[in-house]
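Novice: The primary structure of each chain is shown beneath.
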Amino acid sequence: MVQIIDPKYKDADYQRQVTARRRQKGKRFQALGIAALAVAGLMLAALLYSIVSNGARGLMEDRIAVEVYFDPAKIDPKGTGELSVMRKFNYDTLVYPTLYEALGIKAKGRSDRDKRRKVKQLIGLGASNQLREMVVREVGRDPISDEAILVSGGTQLGDTVMVELTALSTSANPYTQTLRDLGMLHTRFNGDFFTGVNSNDPGYYGILDALVGSFWTLLVCFLASFPVAVLTAVYLEEFAPRNLITDFIEVNINNLAAVPSIVFGLMGAFVFIFVFGMPGGTALVGGLVLSLLTLPTIIVAARAAIRAVPGSYREAALGLGASRQQAMWSFVLPSAMPGIITGTIIGLAGALGETAPLLFIGMVGFQSGIPLTPVDGTPTLAVGIYNAFGSQFDELKNQLSNSTIIVLLVLLMLLNGTAAYLRYRSEKRQ
Amino acid sequence: MLLLLFLAALLLVTVFAYFAGQKRALSAVRGHSVGRTLSTNNFGLAALPSFYGQRLAYLVFIPPFVLLLVWWLVEPRLADALISWNLPESMAGASKGDLVGIISSIREAAAGKIALPSADYRAAVEALQTLTWVSTTGVYLLLSLLLLSLLILGLATSRPELRARRAVEGWNRWVMFIAASVAILITVGIVMSLLFQALSFFQAYNWFDFLTGTRWSPGGAFQRGYGEEASGGVFGVVPLMTGTLLIVIIAMAVAVPVGLMSAIYLGEYATNRVRSFAKPLLEILAGIPTVVYGLFAALTFTPWLAAGVEALNSVLNLPVIRPAVLFVANVFVGLGNIFVWIAGLLSGLLSGSETQFMSYFTQVQLQTGSDIALAAGVVMGTMIIPFVASLSDDAIRAVPDSLRDGALGLGSTRSEMMLRVILPAALPGIAGGVLLAVSRAIGETMIVVMAAGSFAYLTFNPLDSVSTFTVQINALLTGDLDFGGTKVQAAFAIGIFLFFITLALNTLALAIVRRFREEYD
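Residue numbers (our numbering), protein chains in the order written: chain A, 645 to 1074; chain B, 61 to 581.
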């Protein structure tokens, strides 16, 4: 007789040992599973920590309160009183002497040169514009001579005014803390971030143009993809004959869902901008490119939603004498609408976060104010994140980039939350 | 301007036609004895009144709209053709650059911006002016006439016995079919635009050099002035292939074990409470936009990793460890040098060239740059974890319960059941999922654009900076889009490469998954 079982197993102790070892192995395997989840959780925690800690800083800004003497001898040394002369002056130089004095830095000489540079970094370029606007403002351009039309900003030369300036304080700059201790610097909510537009100056950077641009882009994307997707879904589910063309359409839709988004960007740049001559960098082109990405998503969701409508709806309509199309448009499609809209919202949420295909249609680095129509050049929020991203060492820009991410993630949460709510409601009703 | 006005008018007339069609149909039967016959409904009409409206709306909208679309596509080409027909004979031999200048001056003269440059071009300018008049005024006059006559024709034919519903539903089908064909149109658009540019690239650049070249240096403003870069750049994709491969391997090394183990744990072991927060965790990871991952990789994870490598350096340089590390490393170098020596002996017999030995390590110092391939890869892997997890979950669920029950019934523990029965059975499905994940990783753009390097070094060192296909497409297409330039065309050449690689991977993955599914049915 063939010995199937190793005689060792007849020993109860050995059996127990083996079982214990096998259980031990199972425990280890289970621990691996926990470890995998822990890795995923840790990465997510690190990601969120990085966004929130940097982004929260970008939502606040430091302001320096400083007394500025508008010195006529510096601004208009010849005493001409002409606004065009006053306009040429670098107004930020008015601020430094006061700050040097407060910080105990020598205004001249080699020894304190590094310290002076640090103070200048704190003030940035925007301050000069802000002070200039107080003295002289450009209200427009002469249509014939193209010269700036200047008016007085209200402040007279020789005045001493208390001014608040945005401080570009980085963690590496020691004077932020010193000025705070002196009571000259305080932190407040960064309102410019929500009312300003894309700018190279971190002190005045804002995302309003990107927000409006995202809205236009999503609107175009929705208008371009939703009708086409719903009609396609209806056709494929209900009316398409089973033939080669229909099969080919299905294969194409499946493939489109798998094409890397960067390829859509290449195609969009070539077809929309080069062949059709549409204006680059606009929400129109951006929305059209993104609609190529959302199209498969909405088609798949719409088909599932149409398929989920009970057949009795259709049969009841047909039984009452409706044609197949009447049954579709009046009964099946309206009942499938919650599902279709849920899928559409998820598709649009994806489009809101999409960046790669928008890189090549001229949205990067666009600075032109708030887009009033879809054919104005604009970035979107996601492109804004990339725009603000400078380098590893540009701390302020990176904070703003992270703040933009916070806004984007909040919007995504709202969109996905709406979709989840709609799904929940339609599930409850059934 | 006139275009918008006309479109608005078209829409208004269409809406009007919808109501007029209904009214007309109803008024045709009013006064007659209304009753049901075999071919009519309660209104005495062959279809519901709204179908008469829809029919008329279709009738007035579609022909003018289609004609307008055709004109909009044809007009620019017609302008080019008109100019070249009417150019004087003497211009036949002019160079391409001259022609472009002349054509643009003719256009400006026709628009009235400049005076007529020369009497020779009078014919061309006048032809262009006629065309401009036609495209701004004539076309709209003609289309308005067409619109009106269609409206009248449609109203005249809206008789009660007309089968309006059948007509409308027939058109509806066509509209639906055209909508469905958009998917084909997009694919054709992608392939055509990529091919068009890529083919002109390969006319200027040898495709063999492109595929086998080990140097990628497209040449920018900063690199101009020496060697081949001055003449338009060197495009060899091998460094991009190795770079992409390196990052994809790192990403998969993170995503596959973590994603697979998460799926197994969530499907087999997790209590409902664990599942209720672990599932959303994976969903959040999946829902975060890639640009966010990119920023994290570039600004946070890369410095962390660099700090980690520094720490590792100091550990490796501890008194006992340092000699051990040097010893192990130099043993490998020594083994390699023996190999080099043998190879040198062999080739020395043939060619007599000198052998180059590898130098031995004298210090332990891992070096990182400002961009680290490992960082981009790990973050990309994190992004793909939920993708792998959900596909593995599908594959594991597809294994019939009878296998599970059988294994447990024979006395195996749950981990043995998982490792020896379920996973082998689910392996093809998981492999398909991994292939899909690889294709996603290859096409992923933002993470590598922001966190991997822009210089394409030919290296496999994960602590170095490497470049990928997508990074280079972005680098080549940033700035002015010059569709005639080699750089832009090179981007499209990589694009088509990328398109077909991902297409092949997806097809392969779907084929594997499908085959696997059939096994238990």
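Hints listed in this document are in silico derivations from the structure and should not be mistaken for laboratory results. Even for Gly, the Cβ is constructed at its ideal location relative to N, Cα and C. Warning: the hint list may mix true and false statements.
Below, in silico cross-link-like pairs of lysine-lysine (BS3-like), each with a Cα-Cα straight-line distance of 30 Å or less [as the list claims (entries may be wrong)]:
id	chain 1	residue 1	chain 2	residue 2
1	A	669	B	173
2	A	732	A	722
3	A	1072	B	339
4	A	750	A	764
5	B	547	A	671
Estimated spans, in silico, between C-beta atoms of each pair [what the hints assert, rightly or not]:
id	chain 1	residue 1	chain 2	residue 2	range
6	A	1058	B	339	55 to 65 Å
7	A	697	B	461	21 to 31 Å
8	A	867	B	140	30 to 40 Å
9	B	130	A	1064	43 to 53 Å
10	B	67	A	1054	30 to 40 Å
11	A	830	B	544	39 to 49 Å
12	B	386	A	741	53 to 63 Å
13	A	920	B	545	40 to 50 Å
14	A	818	B	374	27 to 37 Å
15	A	920	B	575	39 to 49 Å
16	A	954	B	134	41 to 51 Å
17	B	374	A	830	51 to 61 Å
Novice: Each of the hints needs a verdict: does it hold here or not?
Specialist: Against the structure, the hints:
| no. | hint | in the structure |
| --- | --- | --- |
| 1 | A:669 / B:173 | violated (85 Å) |
| 2 | A:732 / A:722 | holds (13 Å) |
| 3 | A:1072 / B:339 | holds (22 Å) |
| 4 | A:750 / A:764 | holds (14 Å) |
| 5 | B:547 / A:671 | violated (56 Å) |
| 6 | A:1058 / B:339: 55 to 65 Å | violated (21 Å) |
| 7 | A:697 / B:461: 21 to 31 Å | violated (47 Å) |
| 8 | A:867 / B:140: 30 to 40 Å | holds (32 Å) |
| 9 | B:130 / A:1064: 43 to 53 Å | holds (45 Å) |
| 10 | B:67 / A:1054: 30 to 40 Å | holds (37 Å) |
| 11 | A:830 / B:544: 39 to 49 Å | violated (55 Å) |
| 12 | B:386 / A:741: 53 to 63 Å | holds (59 Å) |
| 13 | A:920 / B:545: 40 to 50 Å | violated (20 Å) |
| 14 | A:818 / B:374: 27 to 37 Å | holds (28 Å) |
| 15 | A:920 / B:575: 39 to 49 Å | holds (42 Å) |
| 16 | A:954 / B:134: 41 to 51 Å | holds (49 Å) |
| 17 | B:374 / A:830: 51 to 61 Å | violated (41 Å) |
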